[in-house]
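Engineer: If you want the building blocks of each chain, they are given just below.
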Amino acid sequence: MISLGSYLAISFALFICGVAVMIARKNIIAILLGIELILNSAALNFVAYTKFVNNNIDGHIMSLFIIVIAACEAAVGLGIVIRFFQLRESVHVDDAAQLQN
Amino acid sequence: MSTYNLDVYMPIVILIILALAIGLGSLLIGKLLRPSNPNKLKESAYECGEEPVGTAWANFNVRFYVIALIFIIFDVESALMFPVAAVFKQFNQVGAGGTLLVSVLLFISILLAGLVYCWKKGDLDWVKSFNTSTKLKDK
Amino acid sequence: MNSTVASYFAQSKEFQAVVVFFTDLFGFDATSFVSFLLFGAVATIIVGAMATIGGLGTYAERKISADLQMRHGPNRVGPYGLLQFLADGVKMIMKEDITPKAADSFIFLIAPLLCLVGVFATLAVIPYSSGFILSDLNVGIFYLVGMASLVGVGIFLGGYASNSKWAMLGGMRGASQIISYEIPVTLSILAIVLLAGGMSMGTLISSQGGMPHEWNLFHNPFAFIGFFVYFIAALAETNRAPFDLPEAESELVSGYHTEYTGMRFAFFALAEYIEVFVVCAVAVALFLGGYKVPFELGSGQIFIDKIGMDAMIAKNIGNFLEIGSFMTKTLALYYVVIWVRWSLPRLRVDQLMTLCWKYLTPIALFNLVGIAVWMWLFDGASLFTLIFHSTGSAGGH
Amino acid sequence: MFANTLFLLSAALTVGGAFAVLWSKNLMHACIYLLASFFGVAGLYAVIGADFLAATQMVVYAGGVVILMLFSVMLTGGSSEKINRFGLEKIPAMGNKKTLFAAGFASFVAALIVLKILAQFIKHYDATPMTANLPTVERIGVVLATDHILAFEISSVLLLGALIGAAVISRPRREKND
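Protein chains in written order, with numbering that gives the first Met the number 0: chain A, 0 to 100; chain B, 0 to 138; chain C, 0 to 396; chain D, 0 to 177.
Since the hints were derived computationally from the structure, they do not count as laboratory data. Backbone N, C-alpha and C define an ideal beta-carbon position, used for all residues, glycine too. Keep in mind that the hints are not guaranteed to be accurate.
Claimed, not checked - Residues on chain C that point at chain B, a partial pick, calculated with CB under 7 Å: (1) V89; (2) I92; (3) D96; (4) L122; (5) I178; (6) T185; (7) V192; (8) G197; (9) T260; (10) M311; (11) M352.
What the hints assert, rightly or not - Which chain B residues stay away from chain A? Per the calculated CB distances, all over 12 Å, these: (12) R33; (13) V93; (14) A95.
As the list claims (entries may be wrong) - SDA-like mimics (lysine to any residue), calculated; alpha carbons at most 20 Å apart, straight line: (15) K115(D) x I37(A); (16) K94(C) x V76(C); (17) K119(B) x I362(C); (18) K100(C) x P34(B); (19) K30(B) x I97(C); (20) K90(C) x K119(B).
Please take these sequences and the hints and turn them into a complete structure.
Structural biologist: Spelled out as structure tokens, the structure:
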């Protein structure tokens with residue numbers, strides 16, 4: 000039951016959900032949710048491969064750094080979203096159409 | 000399937016199931032025993048007696064976000080530091096404690112610089128500090 | 000390396016007999032099934048004990064506050080009012096459970112459950128004694144920090160879901176207070192992990208000795224300051240004592256659980272009292288020598304050598320002594336927590352945040368650096384061994 | 000026996016949480032389902048012996064990122080679907096039938112591409128036996144302190160950059176409106 004194939008299937012499903020959430024939603028924060036899902040599926044793949052194939056802990060180090068970078072990315076991304084909301088009064092993706100203020 | 004030592008996680012699963020069982024169970028038992036005659040007055044939000052005005056979901060001051068931001072950066076820092084701290088004693092006994100100490104101090108001092116920056120720019124003080132800006136205008 | 004309560008009981012003969020009984024009942028090897036049953040039994044015992052300790056916490060709080068204010072606390076229900084918390088429990092179940100119409104009913108239910116799950120999950124790693132720890136995870140204390148952060152999410156959602164301005168403010172403040180005070184807590188735990196050289200509760204406690212001078216508290220001055228930083232931050236993290244601003248009756252009309260009635264409110268209160276116990280237990284495990292009993296009585300070796308008792312019984316007696324020592328230290332800290340609540344005024348919001356970010360976090364970072372340098376300089380030797388060895392006196396074994 | 004049940008439980012939690020994030024209409028509910036999915040991924044890490052990663056996942060994601068998401072949803076007008084101030088007819092914030100269809104089609108295409116890449120890997124790695132789970136904290140600590148010390152230091156610079164950048168961006172403007 001617990002094998003590389005099943006882990007790949009789960010992270011594949013997570014990846015597909017992440018992509019679908021990013022496309023289906025028009026709210027910027029909801030898109031950031033999708034990004035978190037995709038980062039999780041990538042980290043899960045690393046750990047699965049390091050467990051079933053080469054059996055050392057390099058995969059753990061890689062997904063540890065993925066978690067670190069995902070946290071930083073969420074922090075900065077949400078900071079931008081809040082600043083964008085203060086300027087445009089809405090977090091709708093279509094409002095982010097112009098480059099200037 | 001080679002059974003390997005996953006028994007360590009059994010209590011965690013059992014405790015979480017117990018917590019949910021206690022939570023939902025007592026609510027269900029309560030639903031049977033409890034009087035339940037909702038009326039409009041009971042159901043409205045508590046406003047010290049007056050009629051609740053507008054939704055509560057008005058947005059808030061950004062200060063809450065800056066606090067959460069500094070929290071998650073220091074949270075990730077401590078998460079990275081835990082494995083290194085756990086092996087510091089072995090490194091010390093082997094004699095390689097010095098280099099690890101230098102790298103740990105470097106790691107902490109860089110993030111301390113971040114905290115000092117936020118401190119100086121006034122992100123940490125909760126009340127808007129007017130003294131700096133008003134002083135310049137009066138002169 | 001991960002020893003659990005099942006692996007401790009597995010050494011006893013009865014456990015093998017039960018295993019043999021179940022194996023020929025089911026046909027496949029039933030050790031994991033029997034340990035599952037054992038875990039279930041021990042977990043229900045611990046959850047029952049914690050619920051009563053939470054209930055007794057409310058009783059103790061009212062009794063001690065009454066004592067501090069020269070009046071009698073509850074003494075009607077049961078002897079000296081001891082069954083007061085049962086009466087409160089029954090009252091809570093019978094109370095009507097109102098969900099405000101404008102509230103978000105799904106999150107209104109999830110929030111108290113999240114608090115309960117967060118607190119009960121931390122019970123898995125509380126070290127009552129060397130044998131009687133539910134599961135001595137290899138990442139014990141780090142897992143506990145992770146689970147304790149769920150309570151902040153639960154409190155925020157509780158405030159958000161009840162859609163009333165008081166609850167919203169209380170939830171927002173409560174969550175930001177809990178997450179900002181989590182930094183000093185995590186940094187002081189990090190300092191002790193660095194001192195002890197491991198994250199599992201077993202190594203954290205075995206690096207300390209039974210006698211007070213062998214505790215981590217007196218190991219070095221930085222750990223001494225670290226204990227008080229941890230204790231203050233832990234007080235704030237469980238929304239207690241001078242930091243209970245989110246549920247401040249005078250300002251926020253009891254903050255995030257304004258709209259909660261009946262059993263859901265009881266979950267928040269139960270989670271808070273059990274979390275105070277968990278926080279005191281972690282303080283005892285990290286700083287005050289955990290379940291260590293002076294004069295090596297805990298390991299039961301003395302009974303075997305002196306009285307020639309059977310090994311298993313001696314170990315059980317040692318374990319009971321260890322549980323006794325752990326409980327006395329934790330309940331002493333519990334008393335201090337309740338005592339502090341009724342003797343200090345409440346802090347304003349900005350004082351709260353300034354204390355955390357401008358005083359506790361820098362001190363915690365300073366402690367971490369201090370302990371790292373101390374470990375490197377003196378190879379992890381404690382202050383007492385240094386003093387005794389340097390003066391060459393006969394004591395100081 | 001217990002390993003399989005733990006694996007199934009956390010896999011169901013992960014995938015169920017992820018799909019619920021896709022289907023839920025309310026943004027707050029989506030955040031809670033995301034929290035459930037993070038719980039599931041932590042369980043999946045635990046099943047294959049990555050116990051330190053499971054704890055890190057709980058601390059950083061379930062304790063930090065979810066609270067950040069909840070705070071930012073509150074700070075940007077909650078999950079109510081406010082119409083744009085120009086009153087133009089706009090696609091609702093959480094997406095309607097059209098966007099869901101576009102999402103389904105795009106993820107179907109992505110699925111085909113990824114399956115093509117993964118196909119040759121899945122076939123011959125399926126039958127690998129599981130080795131016993133070893134405690135990983137010491138091994139990660141040793142490797143992090145010796146081989147990957149440079150990554151360890153650079154990540155502190157990364158954290159510093161993220162802290163200062165996000166603080167500058169989201170700081171309430173004082174000089175302008177004073």
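Engineer: Run every hint past the structure and note whether it holds.
Structural biologist: Do the hints match the structure? See the list:
| no. | hint | in the structure |
| --- | --- | --- |
| 1 | V89 | violated, 10 Å |
| 2 | I92 | holds, 5 Å |
| 3 | D96 | holds, 6 Å |
| 4 | L122 | holds, 6 Å |
| 5 | I178 | holds, 5 Å |
| 6 | T185 | holds, 4 Å |
| 7 | V192 | holds, 5 Å |
| 8 | G197 | holds, 6 Å |
| 9 | T260 | violated, 9 Å |
| 10 | M311 | violated, 21 Å |
| 11 | M352 | holds, 4 Å |
| 12 | R33 | holds, 37 Å |
| 13 | V93 | holds, 20 Å |
| 14 | A95 | holds, 19 Å |
| 15 | K115(D) x I37(A) | holds, 19 Å |
| 16 | K94(C) x V76(C) | holds, 19 Å |
| 17 | K119(B) x I362(C) | holds, 17 Å |
| 18 | K100(C) x P34(B) | holds, 17 Å |
| 19 | K30(B) x I97(C) | holds, 11 Å |
| 20 | K90(C) x K119(B) | violated, 52 Å |
In summary, the structure is inconsistent with hints 1, 9, 10, 20 from the numbered list given earlier, while agreeing with the others.
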